[in-house]
Amino acid sequence: MQGGTCMSEEKNKKRIISRRKLLASIGAAGVALATRGLIQANTVHADNESVSETVYGAGTEKKKPPEKEPFAFDWHNIKDYGARGNGSADDFPALSQLISARLSAQSGTVYLPRGTYRIGTNLTIPANAHLVFDNGALLAPDAGVTVTIAATISAGTYRIFAGSGSVRQRFR
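Mapping of the sequence shown onto numbering that gives the first Met the number 0: position 30 corresponds to residue 29, and the numbering continues sequentially without gaps.
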């Protein structure tokens, strides 16, 4: 009989689930239920009321917000106008084209990314321009060339002018 009892005990041991397996299966069942709820969830839509209407009431008259002009972002990268910024090519034509095409009638921002922008001809940057120098961007007039800047300048605490020419600030 002992042989029969050992066999039934061995079968019972195989049928009993361990605590780890039980907890894992309960966790898997919970995940399955939660996932089913997420998949079958209905879509929620917000009402057309604003927070002010909900808190203070709709009121009898609604004021139409003032119409605004479309927003124009006048930020011009000098490289988009043909500037090379390699220190050897003359970047005067690119800067001159940008000024005449974009800054003659309206204000705008001229962005100079990292590079040395050699200027080989006298140049005046108008007051309606705003120059933004990236770290490592240098404006470098050649010897005998003067760059006159009436524009505002944004730059960090790094050098922004190089070359053997001169740079002058025209105050407004």
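These are calculated hints, taken from the structure and not from any lab test. Note that the Cβ used here is the ideal one computed from N, Cα and C, for glycine as well. Mixed in with the good hints, there may be bad ones.
Simulated pairs of lysine to any residue, SDA-like, Cα-Cα distance not exceeding 25 angstroms [to be verified]:
{"hint": "1", "residue 1": "78", "residue 2": "21"}
{"hint": "2", "residue 1": "78", "residue 2": "108"}
{"hint": "3", "residue 1": "78", "residue 2": "115"}
Using C-beta positions, here's what the derived DEER-type ranges look like [as the list claims (entries may be wrong)]:
{"hint": "4", "residue 1": "87", "residue 2": "121", "range": "49 to 59 angstroms"}
{"hint": "5", "residue 1": "156", "residue 2": "29", "range": "13 to 23 angstroms"}
{"hint": "6", "residue 1": "29", "residue 2": "133", "range": "15 to 25 angstroms"}
{"hint": "7", "residue 1": "112", "residue 2": "28", "range": "16 to 26 angstroms"}
{"hint": "8", "residue 1": "112", "residue 2": "23", "range": "50 to 60 angstroms"}
{"hint": "9", "residue 1": "104", "residue 2": "169", "range": "16 to 26 angstroms"}
{"hint": "10", "residue 1": "89", "residue 2": "152", "range": "56 to 66 angstroms"}
{"hint": "11", "residue 1": "154", "residue 2": "104", "range": "53 to 63 angstroms"}
{"hint": "12", "residue 1": "157", "residue 2": "26", "range": "50 to 60 angstroms"}
Now for the hints, and whether the structure bears them out:
1. 78 x 21: Answer violated: residue 78 to residue 21 is near 66 angstroms, above 25 angstroms.
2. 78 x 108: holds (13 angstroms)
3. 78 x 115: Judged against 25 angstroms, a Cα distance of about 12 angstroms means the pair holds.
4. 87 x 121: 49 to 59 angstroms: violated (20 angstroms)
5. 156 x 29: 13 to 23 angstroms: Cβ of residue 156 to Cβ of residue 29: about 58 angstroms, so the range 13 to 23 angstroms is violated.
6. 29 x 133: 15 to 25 angstroms: violated (54 angstroms)
7. 112 x 28: 16 to 26 angstroms: violated (58 angstroms)
8. 112 x 23: 50 to 60 angstroms: holds (56 angstroms)
9. 104 x 169: 16 to 26 angstroms: holds (20 angstroms)
10. 89 x 152: 56 to 66 angstroms: 22 angstroms Cβ-Cβ, so the 56 to 66 angstroms window is violated.
11. 154 x 104: 53 to 63 angstroms: violated (26 angstroms)
12. 157 x 26: 50 to 60 angstroms: 57 angstroms Cβ-Cβ, so the 50 to 60 angstroms window holds.
Violated hints for the displayed structure, listed by number in ascending order: 1, 4, 5, 6, 7, 10 and 11.
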